[in-house]
Amino acid sequence: MSPLLDVKDLVVDYPVKGFRKPPFRALRGVSLDVQPGECVGLVGESGSGKTTLGRAVLGLAPVTSGSITFQDREIGRLGRAERRALASDLQVVFQDPYTSLNPSLTIEQILAEPLIVRKVGKQQARERVRELLDAVHLPSDAGRRLPREFSGGQRQRVAIARALALDPRLIVCDEPVSALDLSTQARVLDLVKEIQARTGVAYLFVSHDLDVVRHLSHRVAVMYRGEIVEWGASADVTVRPQHPYTQRLFLAAPVADPVKQEQRRAERRRLEALDKMEVSA
Amino acid sequence: MTTLWRRLLRNPTGIGSLIFLVVVVLSAVFAPLLAPHDPNTANAYDTLSGPSGKYWLGNDSSGHDVLSRLLFATRLSVVLTAETLVIAAVLGIVLGLLAGYYGKFFEAVGTAATSLLQALPAIVVLLAAKSVLGPSDFAAMAVFGVLIAPAFYRVVYSAVSAVRGELYVDAARVSGLSDPRIIGRHVLTVVRAPAIVLAANIAGISVAISAGLDFLGLGDPSRPSWGGMLNDGFTNIFTAPLLVLWPSLAIGLTCIAFALLGNALRDGLERADAPKRRRRHPPAAVGTPVVQAVPDDDALLSVQHLSVGYDNPDGTVKTVVEGAALTVRRGEVHGLIGESGSGKTQTAFSILRLLPSGGRIVGGSITFEGRDLAGLSAKEMTAVRGKKIAYVPQEPMSNLDPSFTVGSQLVEPMRIHLGLSRADAKAKALGLLARVGIPNPERTFGAYPHELSGGMAQRVLIAGAVSCDPELLIADEPTTALDVTVQAEVLDLLRDLQRERQMGVLLVTHNFGVVADLCDRVSVMRAGRIVETGPVRSIFADPRHEYTQSLFAAVLSHNEGEGAVA
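Here the protein sequences line up with chains Y and E, keeping their order.
Take the first sequence: its position 278, counted from the start at 1, is 278 in the working numbering, and no numbers get skipped.
For the working numbering, add 1000 to where a residue sits in the second sequence, where the first one is 1.
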């Protein structure tokens, strides 16, 4: 089956301020693919380039070289008008629930925004908004209210509803639960899973949290400094990592069990000592 | 928009100035109907005569009726002001929108053009323009419009570039909206209000400028103008002093009205609801404790029945922490876990007596080494803070002063609390920087905060916290803002330091993994109350309270199996 999204040797450079300074290479030849209906997790710390990869797929970051193929079509260097046409198949959920919704628009206006472009009639748009609010388990009178009347978790649900408005094939989720509380996180992740089961949409799920990614993804890519260092099935990468960086990442995240955490800490220290010996050797 | 309008109408200066300006505009529009005489008819017998029954405001030096001239002059002023405003607004707003939204080329052009225009002295340019273009007021005010367009440009540019980076604009682009649509829907709303306020101010300025040019005698003498009338009155000030009064009032009151309108609009924008006058409370005042503190002799810190509240504008108190009780023993790490809004940070701040303004301890006691911190004066508390109780914050970068080097910020508390000399303090600081794992202490000592990474800045703050050898360390989510690998190292550091110095630690966090890693005891907070407290091992093995259980159920790492690292 041909992949829904196929990224090959993607390189992204950001210009650096200053006279004749070399550009900053955010992505150094990254390759991965997303099959229809699959969830691919993208894990990394700050500076790894995971957000840049998501933005490049969405057309929000400049592509220096390499290719991004979506539904058998090259989208890496599309013009603005052609990019707009993709909106019905490729959508996004951003990290910050507090700034990804325009504070002066009502929920209904926010959810109807993607529909405006498709020239959907007013009555139809209102129906669709009601369907979407239902799909994300928000009350139907939420449409008349402003974003500031909702909590972070609820706003994130609105962001998810907006992404679903046009029935996309792929949704890029850029750390959608990082800014949320523990119990809200769990609920929003359950919603994300439920939507995938119901609609068969694929996700490119970017996160810094291995646990979140393990919970949700079929395959996982681990990024470090603009490169993918490990790429494989979720159960392998997140539970039995091979690459030393993934192992460090895995051991560094504290686990909520004092006994296990002590073992993990000892393991991590042993690994660090080994690394130090190798470096000095 | 409608709320701004409503707020404006409620403001007395707003509605007063608005009414005045409406009267001015109406009198300009209806001047031919209102003026009792023809403004250009010269009555030779009545020159410079004072107010009379026939000529209500008197006559000027050519015998014209002052009142009629004033009304027609108002017309000219209104038209000229409108002309300036329209030209300045159209130029400034369009260029500001393009520059702010698209950046690059438009931004470069816009910045260069506006900087150039603003560098020119306006009056000199206008005088030069007059000499080239002739006495026409319209041409001169058009030039002035161009000269003052940069004011609009800057306001619009900063508003738009602030919005351009917002995620909801990115989301609109991904949703497939075209640029004009995005600008109309998301960007213009931000620009409207500041542009309107600016327009009011600029209108006032342009009235003054055009009157000034006419006063200097550079205006069209065939048309009545306020400045021209003022000039005429000024020339004849000893013969007919009242002549100066009428145009002065016209110019002065109109400028004042525009300025007041601009102020009222700005107030309306800033939602300045004046808080009701309240009796000033002494800082961190304490109500009588609900129960007398029973100090546990072993305990370093004993919080009993602590309640913290904030004053509402209407005088009631909003309680954010209620009846909290916890104990931290010497050498013990006590975790305080809860979700956002649970009150855990408020509890930590109230122990440090660092609550934001409006917050105070409304009940309970905080016993530290036998003393009740809640009852200490501000001066006594300053001696305790930093020396006996130290604090590690969540955001390292916002807690370092960007204008001073790292070294000077480390040295200062040591010199104050420990009385060390500068050389001794520096030596101790370098030792601490090495201890917290900074690879090059000398270089970091002389560096500025923006040159450090988040992890390094947090290490610096930890060094600062332990520099005065405190007994108790309060850490407020010290690793939340850090990457997970850096987090692990910082937690290691905290553990080692704590063991070495036998400090008591109160660790505020929302992460159960951190509690499992570092803490001996844990208290779970929810909605301002502590719902469960106890040793970490027993609480994690068998949580009793349903809220704690629900939190554990939400923790993801529990649900999947764990394999050993290869």
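Hints are computed from structural coordinates only; laboratory data are not their basis.
Check before you lean on any hint, since a few could be wrong.
Pairs of lysine-lysine residues, derived as DSS-like cross-links and limited to a Cα-Cα distance of at most 27 angstroms, are as follows [to be verified]:
1. Lys1426(E) to Lys21(Y)
2. Lys1104(E) to Lys1130(E)
3. Lys17(Y) to Lys1104(E)
4. Lys260(Y) to Lys276(Y)
5. Lys1388(E) to Lys1426(E)
6. Lys1054(E) to Lys1104(E)
Here is what the structure says about each hint:
Between lysine 1426(E) and lysine 21(Y), the direct Cα distance comes to roughly 37 angstroms. Violation of the 27 angstroms bound is thereby established for this hinted pair. Straight-line distance between C-alpha atoms of lysine 1104(E) and lysine 1130(E) comes to about 36 angstroms, which puts the hinted pair past the 27 angstroms bound. For the hint linking lysine 17(Y) to lysine 1104(E), the alpha-carbon distance of about 13 angstroms falls within 27 angstroms, and the restraint holds. The suggested pairing of lysine 260(Y) with lysine 276(Y) holds, with an alpha-carbon distance near 24 angstroms, which does not exceed 27 angstroms.
Of the pairs offered as hints, the one joining lysine 1388(E) and lysine 1426(E) holds, with about 21 angstroms between alpha carbons and a cut-off of 27 angstroms not exceeded. A hinted pair counts as satisfied when its Cα atoms are at most 27 angstroms apart, and lysine 1054(E) with lysine 1104(E) does not qualify at roughly 65 angstroms.
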